[in-house]
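There are 2 protein chains.
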Amino acid sequence: MWPKKVFIREVGPRDGLQNEGTFVETDDKVEWINLLSTSGITAIEVSSFVHPKWIPALRDAADVFRRIRRVPGVTYSALVPNVRGLERGLEAGIDEAVLFVSASESHNLNNVNKSIRESLMEAEQVVNRCAAAGISVRAYVSTVFGCPFEGSVSVSQTMYIVQRFVDMGIQDISLADTIGVANPGQVEHVLEEVEKITAIDRIALHFHDTRGLGLANVAVSLKAGVTRFESSLGGLGGCPYAPGALGNICTEDLLYMLHGIGINTGVDMDVMIRAARMIQDKLGKSLPSCTLQVLSNLQRIS
Amino acid sequence: MWPKKVFIREVGPRDGLQNEGTFVETDDKVEWINLLSTSGITAIEVSSFVHPKWIPALRDAADVFRRIRRVPGVTYSALVPNVRGLERGLEAGIDEAVLFVSASESHNLNNVNKSIRESLMEAEQVVNRCAAAGISVRAYVSTVFGCPFEGSVSVSQTMYIVQRFVDMGIQDISLADTIGVANPGQVEHVLEEVEKITAIDRIALHFHDTRGLGLANVAVSLKAGVTRFESSLGGLGGCPYAPGALGNICTEDLLYMLHGIGINTGVDMDVMIRAARMIQDKLGKSLPSCTLQVLSNLQRIS
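From first to last, the protein sequence lines stand for chains A and B.
For the first sequence, this note's numbering begins at 1 and goes up steadily by one.
For the second sequence, this note's numbering begins at 1001 and goes up steadily by one.
Same shape as in the complex, but just chain A (with noise of 0.2 Å):
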């Protein structure tokens, strides 16, 4: 049994734009975020809140959020690192704070230089500044399938972070792939686990497709129940040493086949081809997009 609908969040503006060496200028992400926003996507991940030492490709966070043009019934949503964070967020209006903690202690303090345990009191604050600001949070557990450090994560780890989350009263939990390594055996297993905790249904996934095994994931996934996933237009965050390799599992690639299986998402695919190119075009190299590869082959031969 496939579901009936699933719900894509669009993560390209953060997750995709984050690992690209060019700085795509704010004007040109406020007119793909607002193209973006006409497609009946009802979830953009639009920045990061993070210190702009780190992530200069995001240092404009709050001036595309003052800048795009909200449609309603779209969930505009930030990364923040911490209630500093969430604050300069709060500040530039977004619906929602996105919070993260890593499944692998080494990989947690590599990135945050926190422990889990420090990431995971902060993400209590997190929670409660945003009952109070009334938005709504989300959370990642990052890393759930496997750590550049670490190698393998241990799911009891990935459960006990997800408990933690569910705890603190978080609906939206996002179970990621960070470095791309996870297949379809282990996503069932993780699933599997995650079900003995949570409803399914508060379970979103995050692929990336390093290793070409992200719609495999997404597939296995399906079958699970899981109905929300994160995905980047054009297949966008790529490694920066590597022309050409993958990023994100891409949006278009991702509604291709959700719309073939016959499951509706609410999105133009229309509108997310010409996002997908306009990106391409600003970032002025090939996106690891197979939607976009077959439309220009199909170009040439006619």
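In case anyone wonders, no lab produced these hints; they're calculated from the structure.
One or more of the hints may lead you astray.
[Stated by the list, open to error] In silico EDC-like links for lysine to aspartate or glutamate, alpha-carbon gap of 20 Å or less: (1) A/K223 with B/D1027; (2) B/K1282 with B/D1027; (3) B/K1004 with A/E188.
[Claimed, not checked] Partial pick of chain B residues on the chain A-facing surface, computed with a CB cut under 8 Å: (4) G1185; (5) L1215; (6) V1218; (7) C1250; (8) Y1256.
[Unchecked claim] Sample of chain B residues lacking proximity to chain A, with all beta carbon distances greater than 10 Å (derived): (9) E1025; (10) D1027; (11) T1038; (12) G1040; (13) A1062; (14) P1072; (15) L1090; (16) S1106; (17) N1110; (18) V1155; (19) N1183; (20) D1201; (21) L1283.
Glycine included, C-beta positions come from ideal geometry on N, C-alpha and C.
Given the structure of chain A, go ahead and fit chain B onto it with the hints provided.
This is chain B only, laid out in the frame that chain A set:
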């Protein structure tokens, strides 16, 4: 439930190379096939005995067969379009003949200038000649999931051809997504229909990764009990009009997925990576293999 054991048929030397603009020298083909013969793989589609005018890249089929080192336990097969091709193949010492009929009338006409009816009669002759020669035969149904001329292809048309192949006594029937448009929902549906007329262990699947769904389609096929797949080292077989466009599903990426799930293939990943690099070097261009890209990124970073 995942299957415990999966059989991979390496089709790079045939389906991969036939679309390459560059002619790979016979010596190089032989060296490459000899290397991949040592990987533990049990089936290699070595070449094609079609008229050299149609596929110049494989014009050395007979030479390749005569010069490769045969490893016991490996089946060395070749595509044959008709009895004349089969005779050339038998002379060159093929272990197995591979015939093909398209599920789409216009694709069949365009491909071999015959109606499906005529192709099925030819297939019967090939089957009889193989029986007389004492070699095995297998069969592709092409364009099962879509046709470049007709668009969608009816499942009943595929089932008709599968039934005819079953009636001819062909034990090994491969359903091919010739143009790479299949999605997991469609694959499931076709497999449900196939199971009504024959055992699933008689069926192999042959996906192209044009839309990035190749491994997603494999994942749902595994769940449906399919244990035989065709793939190409490096993801060879992209459209000559599009550098970087994707061809067959990539053997080493498929192995990464299967081994990650815990499925036994009997194939040594390290040997396959060496073989993928070898053909990449001989072609002198980057192949769409995620595994090769990841390895080359790791080298750059370290």
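In ascending order, which of the hints set out earlier in this document are inconsistent with the structure?
-> 1 and 19
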